[in-house]
Every structure is written in structure tokens, then in C-alpha cells.
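**Q** Since the structure of chain H is provided, determine the placement of chain F on it from the hints.
Below, each chain spelled out in residue letters.
There are 2 protein chains.
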Amino acid sequence: MPRKGEMKLGVFVNQAGYSEGAWRDPSTPVNGSIEVDHYARVAAVAESAAFHFLFLADHLGSVEQGQASVARESGNAGLEPITLLAALTARTQNIGLVATATTTYNQPYHLARMFASLDHLSRGRAAWNVVTSASKFEAPNFGETELPDHDTRYARASEFVKVVTALWDSWEDDAFIRDKQSGIFADSTKLHVPNHQGKYFSVRGPLNVARPPQGYPVLVQAGASAAGTRLAAELAEVVFTAAPDVEYGKKYYDSIKEKARAVGREDNQVLVMPGIIPIVGRTKQEASDKLQRIQSYAHIDVQISLAERMLDVDLSSIDLDSLVPATLPTTNIFQSRQTVLLELAARHKFTWRQLIRFVADGRGHRIIVGTPDEIAENMVDTFNQSAADGFNVMSATLPGEFMEFVELVIPELRRRGKYRSAYAGQTLRENLGLMRPLNRFTQASR
Amino acid sequence: MPRKGEMKLGVFVNQAGYSEGAWRDPSTPVNGSIEVDHYARVAAVAESAAFHFLFLADHLGSVEQGQASVARESGNAGLEPITLLAALTARTQNIGLVATATTTYNQPYHLARMFASLDHLSRGRAAWNVVTSASKFEAPNFGETELPDHDTRYARASEFVKVVTALWDSWEDDAFIRDKQSGIFADSTKLHVPNHQGKYFSVRGPLNVARPPQGYPVLVQAGASAAGTRLAAELAEVVFTAAPDVEYGKKYYDSIKEKARAVGREDNQVLVMPGIIPIVGRTKQEASDKLQRIQSYAHIDVQISLAERMLDVDLSSIDLDSLVPATLPTTNIFQSRQTVLLELAARHKFTWRQLIRFVADGRGHRIIVGTPDEIAENMVDTFNQSAADGFNVMSATLPGEFMEFVELVIPELRRRGKYRSAYAGQTLRENLGLMRPLNRFTQASR
Numbered sequence: 002m003p004r005k006g007e008m009k010l011g012v013f014v015n016q017a018g019y020s021e022g023a024w025r026d027p028s029t030p031v032n033g034s035i036e037v038d039h040y041a042r043v044a045a046v047a048e049s050a051a052f053h054f055l056f057l058a059d060h061l062g063s064v065e066q067g068q069a070s071v072a073r074e075s076g077n078a079g080l081e082p083i084t085l086l087a088a089l090t091a092r093t094q095n096i097g098l099v100a101t102a103t104t105t106y107n108q109p110y111h112l113a114r115m116f117a118s119l120d121h122l123s124r125g126r127a128a129w130n131v132v133t134s135a136s137k138f139e140a141p142n143f144g145e146t147e148l149p150d151h152d153t154r155y156a157r158a159s160e161f162v163k164v165v166t167a168l169w170d171s172w173e174d175d176a177f178i179r180d181k182q183s184g185i186f187a188d189s190t191k192l193h194v195p196n197h198q199g200k201y202f203s204v205r206g207p208l209n210v211a212r213p214p215q216g217y218p219v220l221v222q223a224g225a226s227a228a229g230t231r232l233a234a235e236l237a238e239v240v241f242t243a244a245p246d247v248e249y250g251k252k253y254y255d256s257i258k259e260k261a262r263a264v265g266r267e268d269n270q271v272l273v274m275p276g277i278i279p280i281v282g283r284t285k286q287e288a289s290d291k292l293q294r295i296q297s298y299a300h301i302d303v304q305i306s307l308a309e310r311m312l313d314v315d316l317s318s319i320d321l322d323s324l325v326p327a328t329l330p331t332t333n334i335f336q337s338r339q340t341v342l343l344e345l346a347a348r349h350k351f352t353w354r355q356l357i358r359f360v361a362d363g364r365g366h367r368i369i370v371g372t373p374d375e376i377a378e379n380m381v382d383t384f385n386q387s388a389a390d391g392f393n394v395m396s397a398t399l400p401g402e403f404m405e406f407v408e409l410v411i412p413e414l415r416r417r418g419k420y421r422s423a424y425a426g427q428t429l430r431e432n433l434g435l436m437r438p439l440n441r442f443t444q445a446s447r
Numbered sequence: 002m003p004r005k006g007e008m009k010l011g012v013f014v015n016q017a018g019y020s021e022g023a024w025r026d027p028s029t030p031v032n033g034s035i036e037v038d039h040y041a042r043v044a045a046v047a048e049s050a051a052f053h054f055l056f057l058a059d060h061l062g063s064v065e066q067g068q069a070s071v072a073r074e075s076g077n078a079g080l081e082p083i084t085l086l087a088a089l090t091a092r093t094q095n096i097g098l099v100a101t102a103t104t105t106y107n108q109p110y111h112l113a114r115m116f117a118s119l120d121h122l123s124r125g126r127a128a129w130n131v132v133t134s135a136s137k138f139e140a141p142n143f144g145e146t147e148l149p150d151h152d153t154r155y156a157r158a159s160e161f162v163k164v165v166t167a168l169w170d171s172w173e174d175d176a177f178i179r180d181k182q183s184g185i186f187a188d189s190t191k192l193h194v195p196n197h198q199g200k201y202f203s204v205r206g207p208l209n210v211a212r213p214p215q216g217y218p219v220l221v222q223a224g225a226s227a228a229g230t231r232l233a234a235e236l237a238e239v240v241f242t243a244a245p246d247v248e249y250g251k252k253y254y255d256s257i258k259e260k261a262r263a264v265g266r267e268d269n270q271v272l273v274m275p276g277i278i279p280i281v282g283r284t285k286q287e288a289s290d291k292l293q294r295i296q297s298y299a300h301i302d303v304q305i306s307l308a309e310r311m312l313d314v315d316l317s318s319i320d321l322d323s324l325v326p327a328t329l330p331t332t333n334i335f336q337s338r339q340t341v342l343l344e345l346a347a348r349h350k351f352t353w354r355q356l357i358r359f360v361a362d363g364r365g366h367r368i369i370v371g372t373p374d375e376i377a378e379n380m381v382d383t384f385n386q387s388a389a390d391g392f393n394v395m396s397a398t399l400p401g402e403f404m405e406f407v408e409l410v411i412p413e414l415r416r417r418g419k420y421r422s423a424y425a426g427q428t429l430r431e432n433l434g435l436m437r438p439l440n441r442f443t444q445a446s447r
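Chains H and F are the protein sequences, given in the same order. Using our numbering, read the first sequence as starting at 2 and increasing by one per residue. Using our numbering, read the second sequence as starting at 2 and increasing by one per residue.
Looking at chain H on its own, in the form it has when it is part of the complex (with noise of 0.2 Å):
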């Protein structure tokens, strides 16, 4: 059954590209992961498709696992992604730009800050993915030994982002008069001190940056466990998320939709956009051909030392051929991911060497391999299935693939109507439909 309205599309950036390897493809410039040269490409090439955003992740550690596989690891050389997105701001007109950053080893003040900041370098296009830290090499850096319990994470999280938005109220969105005749440069009466004093943080405030222009940067989000899930229902305006297939992805939408619901918000403020990785190819055959081409750029230990990562399991002495038990035991990590995955393997009855195959192609996330009419057709089928309000392109390499899909892809979606041409507006928040927050003190005094 068609559903009403357009996709939105986002352009998920990771480096050379989301596959394990990725780096090693002929498309991928060498020195791409610390060359803004690099992302400024991308991100030409997402902005020439009117894509919605451009997608940061972020982790505050290496990875180091063996020197075998920290010689193959390539995640160890890339920016820091708020900088990163600084400059590209200077560089494009119209994309969205989302940063990833940490609210367990973060301080309000200092995030309110830089995303305000954001917001008002790039005149309204910034986003916030508001993680909890996923990854055992981050709590070292910060002087702690293991991550704080997982629980414990989403909750200093739900506080520290009460703490920001309080931040971003400081000041009325026209506290600012600036009037040089009289010297008087703000209304006292608009300025509002947040003091918080909570279990995680006491922040006095205020922020010393005028409200952005979005009133918030879009929060963006990615919980999939049950504290995730409460956190994207309660704060999150873009949910993206892991769904290996349509069957989960439909049944993690209307679980978030209902939530969300529950707590008084609209549908259309909540939009899931899980990822995809498409390999594109002119034929069948060419499709094929590229995933394998692909696969073959990822050395069997950094497959090995990513599946991993990702379940929270030692595989050095499992028997690689036998099958994926349908329990681990409970990672404080990676939660979400760990149970899609065991359940991904279930369903399909997948060997070790399959599901390390899987997580090395794209982590969990969907591959749709075949002709740019069959990845549209998907697209369009899970979109009027409601299984997703639009989706992360997670290409496999960058800009090869992406280019690729944005060459092909696109105009199959645009023939069924179900993409848009150009922007909307000039905010992120315009080119999503979201609301503009307004700023709770105003609201007050109405």
C-alpha cells in the first residue's frame, strides 16, 4: 500500500567507507580519513541530491586488539567529528550535519556549547547523535577502568541532555537587542539561569552563546535496548538504528512510534531512519561482483576483532564453523546490537564465520545488493510498509558507492515519487518537518 509523502535520506560517513576495508578500494583517496578535502567530496555529492544529512559517528578510543590486527585496523587515523563538521560548514549551503558525541565521558557545558555553536556556523544545520559509548577502549582515556553499567549510562544520559536543552533556553531566542544608540546589548528579563542541581550534574549556567537558530540542533539517536529505546522515545527527533531486515525493522518502528506516542509526542517529530548499505550494480551480476570485490579488502582478524567488539565475546577459541549459540552472556557494551545480531543469526541459522561476515559487511545494518531499480523497490516497499521514515546510506566505500547510488539510486526513487528534488528550507529542522522548539521560559510567560 503507497504511503503518503518522501523519504529522507541521510549519508552515514565513515571514513573510506562502512565496510570492513573499505580503504583499500580503488575510489578511496589515501590519506582520506584526516583529508577534509575527502568529506568535503561527500558531502558535494550528497548535497547535489538533496540529501538531508550528513552523518558523523564517533568513538574516543583505538582500536587495538593484537598487532596483527591493529596493522589492518584503519580506524585509528580520522578527525574528531565536531571539528570536522565545523569546517564543512564553511564548505556546503544546505546539508544537514550531524555530530556524534558522548554524554559519559562529555560535560554538558562544553556540548551545548560546541552544538550551539554548530548551529549557528552553519545557520541552523546542526544535529546532535547523543550516544552513551559503546566501545571497552574509551573508559581508559577517561580515567575509569570499564564503561559505567549500562543503565547508569542512559540515565547520566537522559539528565545530561535535560541539562543541555536548559543550556540552549538560556537566553530567549530575542534576548539580544543590541542596540548601539542606547549601549544596552541584551534584556535582562530574557536571560534565564538554568541552575541544575541533579544526580549527575549541577550546572549554575548560563551558556555564553545566543540560542541557536533551531532553537536545538535536531537530537538524534540510536537506542535499541530498553533504556534505549525509553531515551529515543522520550529526546529523540531522528532515531537511527540497526535493522537487519524488514521483519525487525517494522517491528522496532512501531515499537518506537507507540512509545513516543505514550509520552505525548507526535509521529511525524519521531522519524526512524535505520541504515542500508546498498551495492549497486547495472546488472545482477555486476551487483554480485562488487560485494564480493568488497569482502575481499577485509583480512579475516580485523573481521575477527570486529564481531567482537560488537558482541562483547572472545572468539579465539571457538570453532569458527560451528553454529552461533542463541545467547551470550549480557554485554555491558553494545546491548541493542548484540541482541539483533543473536537473533539475526537464529532466524538464519548462521555459522560463526557467517555472522563474522555479516558484521564485517556492514555491522549489523541491512545490504541490499542488486540493480538501482531492485534497491528502490526495497526502499520504497519498506517506506510504504511504514518499516522507516527514510533511511542512513551507509555506503560500503566512499565516494565510490555512494556516488554510484546517488548516480543511479536516486532518480529510481525520484520516478516513484518518493524523493524529493531539491530543499525545502534552509534548516534541518525545515527539511525534516520538525518543529522548532520553543524556548521553555517564553512558553512559560505566555
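Hints should not be assumed to be uniformly reliable.
It does not matter which identical chain is meant; a pair holds if it fits inside one copy or across any two.
As a list, the in silico DMTMM-like pairs of lysine to aspartate or glutamate whose alpha-carbon atoms are at most 20 Å apart [said to hold, decoys possible]: (1) K191 / D313; (2) K350 / D320; (3) K260 / E248; (4) K191 / D174; (5) K251 / E344; (6) K181 / E36; (7) K419 / D320.
Treat the hints as calculated values from the structure; they're not laboratory data. None of these values were measured; they are calculated from a predicted model.
**A** Using the frame of chain H, we list chain F on its own:
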């Protein structure tokens, strides 16, 4: 006596300009403080005159001191410096980019990453001005009631910088091989885990950013207290300072160079660059009229509020026409500035009103009012006397006074052979004549 070589110049960018009330000047764009185009314009003027760097101050709080002064205070609506400079990397080519960041309310891993990233984004033009926080408005934004003790802040700063430089050395310069053919991305023997365990920090590392193009971004520091000069002598490559007159400047210059020599550092690797506020007129009369006009911008309430903060004193019940006393209770906040201002007041027998005026004009920095010829002569003389290796030009209004300086004073400096006409190198280090630090681990293995 003439001195060999040329002076270095930085431009200090304090939103609308350095004088209190600068935002009221006709030359300043009304929304300038949150408008990237304003900063980009100043940067373009500076680059046209081959300035060595653009310098952004910072503080982690809003200034609030009674309703009246909040209304007239212009510093509460700015942009965060690191993100702002990241945006400017894309709009500048040669100029160095100095961001201030405090070690008191940050974590080394974050700052190491951000500055490394800024150095990559700018192709080697980043610098970090290390400060320890000197505003009572900061602590409550980070869960504390007041700033840590002055000496504790400096001890923490010293350890903080050690951790950051160790993180920058995590990967040797040529650690990332990126051999697409073999799939070897990194030479794992060139990875060095800092594993720092100290009094204030425990940081394992390694950093997940490649070593910065400059090895380390240039380290700037402005210590002038006992603890502050120790830190400057130990690590600063550019020393920023407030020297209200040449007499004080010469004393400070000699003391820093001597302390640096004592720890084995070369004179030309520790550049002392005091601030100056040039008020340029085509005639003496024009210059002094201009000073009067600029002074008229700052309301007395704002002037008093600023002086109270700089000196850590309550002026509400003091007769402003009485003489400034020789001493005040030692402050835990801005120790060196308090000392400098009290010494100056004693030398000139200032009343409180005069000292408040002096602080409002330039917060303790030297003001030079005159014709282009007089200002250039004054600067060259200070340089020749070895009371400065160069200057931070802290124009009273931006871009107004800065454009006047570039148009009128720069040619006079060049005519005297004391200022260059083009950039000498690509990186800020090259332009300042600073050595690129060898990676400590590379060094050890030679």
C-alpha cells in the same frame, strides 16, 4: 640599537573588539559576535597583511553581575573558539589559528583530539593557548562552587599538557602506511601507548588521530604569576602577556627568557608577544578624538564590573576618586593581572576612576595613541629594546580599528624593515621560526 630580524604579529579577536563597548562602534556588524562572516572578514584582512596568527580568547561562563551590567554586557553571545576556528580553516590559507582552552575544566583526551584535528584541517596552522581559568563564573558550570586553588590549577595544567603531547606522539609521523595492496594500514611498531598515570590524570591512549602536521600544534601561554611564568618557561612557544608599558615589558621579557634558558630552551623558541592596543589617527588630534569616541562606548557600570573581575575586588562601597591602594587581598583568580594593574596604579598614582578607565580601554594591555609613524616607531623601539619579539594587536574595534592598523601602520613597519610582506612557510611553526617537535618515541629509537 637596532635588532636583527622582523617582528611577529598576531591579531587578537575579541568579538567586536577589545575595548569595552566596542560593539557600539559603527564599524562592527550588529550580530558580529555570532556571525562567522565577521570573523572571516577580520581573518582576511589579517591574511592580506601576512599576520602570523589570529587569536581567540575564551571563558566558560556568562558574565553576570547585577541587572544593569548584564543588560550592557556584550560578551555573553559568542561562539565557541575551536569550532569557530575549524570553520575558518576553510576560509583562510596561511594564517595561524590560536584557540584558547582551559586545562581546569577539560579532559586531555578531548583537547588533544580537537587540536590535532584542527591542525589537520588547517594543514598545520593550529595553536593552543593554554589557560587555567580566571573567571569566577566558570566553576558553577562544572559542578564546583569556586575555582581550584591557583597553584593547583597550574600543577594540573602542567600535567595536562604533558598528557596531551604524549597523546599527540601516540603514532609516529610515518606510522600510517596505508598500503592498499597488502591491506596493511599501520606499522604497529610505530604505535606507542602513553599509558599516563599521574596526580590529576590517568589516560591510557593512544589517540585516534594521526600525529598533527606540526608534530604538536604551537603552544601558547600567558602566565605571569610565579606559577604562570614557570609554566611558560617550561612549555610556551609563544608567550602572550599584558605589559602596560615598556618598562614592565622589558622586565617580563628578560625574566621569561632567563627561566626558559635555565631549562635548556633557546631564546628564539620562546617568543614573547605582549598585547598592544593601537589607536591610529592620521594626525595626533584624530587619534585622540578617536580614543575619546571609543571610550564613550563603555557605560560606567560595565567598566566597574570589568574592573571588579580583573582585580577580584568589590567596588560597590569604594569612593572612585580615592587613590588605588598599593595592595589588595591576594586573589585566587587572575593573580598576575591584579599584580600588574596594582603596580601600574602605584607608578602613576591612579585613582580608582582612572584605573577603571584604563582597564575598560584595554584590561591592562598597552594603549598606543598616535599617528602611524608614532605607533610604528613605538613598536620598533620596543622590539629593538628586546622587550618583545612581536605583538598581539588587540584592536579596540573590529574590523574598524584593525583595518586602520593594517592600512596605515603595517606599511610603516615594513618601511623600517621590521615586518615581512608575505608568508614564509605553510605551517604556523614555519612562519614563526619554531622547530617541529620530534616524536619522543622516534627520538628514543635513534
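**Q** For every hint, state whether the structure bears it out.
**A** Outcome of the hint check:
1. K191 / D313: Neither, since 49 Å and 27 Å both go past 20 Å.
2. K350 / D320: within (15 Å within a copy, 85 Å between copies)
3. K260 / E248: within (19 Å within a copy, 70 Å between copies)
4. K191 / D174: within (9 Å within a copy, 51 Å between copies)
5. K251 / E344: within (15 Å within a copy, 73 Å between copies)
6. K181 / E36: Between copies only: 17 Å across chains, 43 Å inside a chain, cut-off 20 Å.
7. K419 / D320: neither (46 Å within a copy, 73 Å between copies)
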